[in-house]
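K.L.:
Sequence:
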Amino acid sequence: MKYWLMKSEPDVFSIDQLKKDKTTWWEGVRNYQARNFMMKDMKVGDAVLFYHSNAEPPGVAGLAVISKEAEPDKTQFDKRSEYYDAKATREKPIWFCVEVGFGDKFAELVSLQDLRDNKALKEMLVLQKGSRLSVQPVDKKHFEIVKKMGGL
DNA sequence: GCCAACGTTGGC
DNA sequence: GCCAACGTTGGC
812 MKYWLMKSEP DVFSIDQLKK DKTTWWEGVR NYQARNFMMK DMKVGDAVLF
862 YHSNAEPPGV AGLAVISKEA EPDKTQFDKR SEYYDAKATR EKPIWFCVEV
912 GFGDKFAELV SLQDLRDNKA LKEMLVLQKG SRLSVQPVDK KHFEIVKKMG
962 GL
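For the first sequence, the residue numbers in this note's numbering are 812 to 963.
It is possible that part of the hints are untrue.
Below, in silico cross-link-like pairs of lysine-lysine (DSSO-like), each with a Cα-Cα straight-line distance of 27 Å or less [to be verified]:
(1) Lys930 / Lys959
(2) Lys933 / Lys958
(3) Lys940 / Lys851
(4) Lys903 / Lys940
(5) Lys885 / Lys831
(6) Lys854 / Lys903
(7) Lys933 / Lys890
(8) Lys930 / Lys885
(9) Lys933 / Lys903
(10) Lys916 / Lys830
(11) Lys830 / Lys898
(12) Lys890 / Lys903
(13) Lys903 / Lys916
(14) Lys940 / Lys930
(15) Lys930 / Lys952
(16) Lys833 / Lys885
(17) Lys903 / Lys930
(18) Lys830 / Lys940
(19) Lys833 / Lys958
(20) Lys890 / Lys813
(21) Lys958 / Lys851
(22) Lys933 / Lys831
(23) Lys898 / Lys930
(24) Lys930 / Lys879
(25) Lys952 / Lys851
(26) Lys916 / Lys890
(27) Lys930 / Lys831
(28) Lys813 / Lys833
(29) Lys959 / Lys890
(30) Lys813 / Lys831
(31) Lys854 / Lys952
(32) Lys933 / Lys879
(33) Lys813 / Lys851
(34) Lys833 / Lys898
(35) Lys830 / Lys885
(36) Lys940 / Lys879
These are computed hints drawn from the structure, not numbers from a lab.
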């Protein structure tokens, strides 16, 4: 089993929304690296750090779990969607997404600053300069540390 | 296949 | 709202 970090802007989709909805298709990823992780590497049961980006403050808000493996992202075919991609066809989809299920919400957000302040996490991808990848792998040991920091 | 121009992400 | 860092596009 693998460990991941997935970013979402809470104004668009927060951990509270996931808690309410139970599961969600992780639509709208339009970056090949992020897509490849979802398409090739994610398996049902993989654990996810749910990260709030563009938030005040940004940070890990809780845990999620991969509940279904990759399928074509429906929004690429939808002309009305902001994620519409004219180059994609149903025969040859370009974008894929996984289904993510709610895990746990941290009692308190583990902020980006908290992550930076923890020396044991300094290798974490999300802390590297210029790291913009919205779906990224996380080391098991880093995952466990962040989970503890979140009180779980 | 290079690289300048452009668009996006995301912290601040 | 700014802007650094990065990814993508398209002319050549």
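K.L.:
All hints are to be evaluated individually against the structure, with a verdict given for each.
P.N.:
Do the hints match the structure? See the list:
Annotation: proposed proximity of Lys930 to Lys959 holds, straight-line Cα distance about 15 Å (limit 27 Å). A C-alpha spacing of about 16 Å is found between Lys933 and Lys958, which places the hinted pair at or below 27 Å, so the restraint holds. Only pairs whose Cα atoms come within 27 Å are accepted, and Lys940 paired with Lys851 is accepted, the gap being roughly 26 Å. Annotation: proposed proximity of Lys903 to Lys940 is violated, straight-line Cα distance about 35 Å (limit 27 Å).
The straight-line distance between the Cα atoms of Lys885 and Lys831 is roughly 22 Å, inside the 27 Å bound, and the hint therefore holds. Of the pairs offered as hints, the one joining Lys854 and Lys903 holds, with about 22 Å between alpha carbons and a cut-off of 27 Å not exceeded. The straight-line distance between the Cα atoms of Lys933 and Lys890 is roughly 42 Å, outside the 27 Å bound, and the hint therefore fails. For the suggested pair Lys930 and Lys885, the alpha carbons sit about 41 Å apart, so the restraint of at most 27 Å is broken.
Distance hint between Lys933 and Lys903 is unfulfilled; the C-alpha atoms sit about 40 Å from each other, more than 27 Å. Distance restraint check for Lys916 and Lys830: the Cα-Cα separation of roughly 8 Å lies within the 27 Å cut-off, and the hinted pair is therefore satisfied. Our distance criterion of 27 Å between C-alpha atoms is broken by Lys830 and Lys898, whose separation comes to about 34 Å. Distance hint between Lys890 and Lys903 is fulfilled; the C-alpha atoms sit about 16 Å from each other, no more than 27 Å.
Taking the CA atoms of Lys903 and Lys916, the gap is about 37 Å. The hint is violated against a cut of 27 Å. With a CA separation close to 16 Å, the supplied pair Lys940 and Lys930 stays within the 27 Å bound. The straight-line distance between the Cα atoms of Lys930 and Lys952 is roughly 13 Å, inside the 27 Å bound, and the hint therefore holds. Distance restraint check for Lys833 and Lys885: the Cα-Cα separation of roughly 19 Å lies within the 27 Å cut-off, and the hinted pair is therefore satisfied.
Only pairs whose Cα atoms come within 27 Å are accepted, and Lys903 paired with Lys930 is rejected, the gap being roughly 45 Å. Distance hint between Lys830 and Lys940 is unfulfilled; the C-alpha atoms sit about 31 Å from each other, more than 27 Å. Annotation: proposed proximity of Lys833 to Lys958 holds, straight-line Cα distance about 20 Å (limit 27 Å). At roughly 34 Å between alpha-carbon atoms, Lys890 and Lys813 are farther apart than 27 Å, so this suggested pair is violated.
Restraint check for Lys958 and Lys851: the C-alpha separation of about 25 Å stays at or below 27 Å, so the hint holds. Straight-line distance between C-alpha atoms of Lys933 and Lys831 comes to about 33 Å, which puts the hinted pair past the 27 Å bound. A hinted pair counts as satisfied when its Cα atoms are at most 27 Å apart, and Lys898 with Lys930 does not qualify at roughly 44 Å. Proposed proximity of Lys930 and Lys879 is contradicted: the alpha carbons are some 34 Å apart, above 27 Å.
Annotation: proposed proximity of Lys952 to Lys851 holds, straight-line Cα distance about 22 Å (limit 27 Å). For the proposed pair Lys916 and Lys890, the alpha carbon gap of about 34 Å is over 27 Å, so the pair is violated. For the hint pairing Lys930 with Lys831, the CA-to-CA distance comes to about 34 Å; that exceeds 27 Å, so the pair is violated. Only pairs whose Cα atoms come within 27 Å are accepted, and Lys813 paired with Lys833 is accepted, the gap being roughly 21 Å.
A C-alpha spacing of about 43 Å is found between Lys959 and Lys890, which places the hinted pair above 27 Å, so the restraint is violated. With a CA separation close to 25 Å, the supplied pair Lys813 and Lys831 stays within the 27 Å bound. Restraint check for Lys854 and Lys952: satisfied, since their Cα atoms lie roughly 19 Å apart, inside the 27 Å limit. For a cut-off of 27 Å, the pair hint linking Lys933 to Lys879 is broken: about 31 Å separates their Cα positions.
Distance check on the hinted pair: Lys813 and Lys851 sit about 12 Å apart at the alpha-carbon level, within 27 Å; holds. Our distance criterion of 27 Å between C-alpha atoms is broken by Lys833 and Lys898, whose separation comes to about 32 Å. Of the supplied pair hints, the one linking Lys830 and Lys885 holds, its CA atoms being roughly 22 Å apart against a limit of 27 Å. With a C-alpha separation of about 31 Å, the suggested pair Lys940 and Lys879 falls outside the 27 Å cut-off, and the hint is violated.
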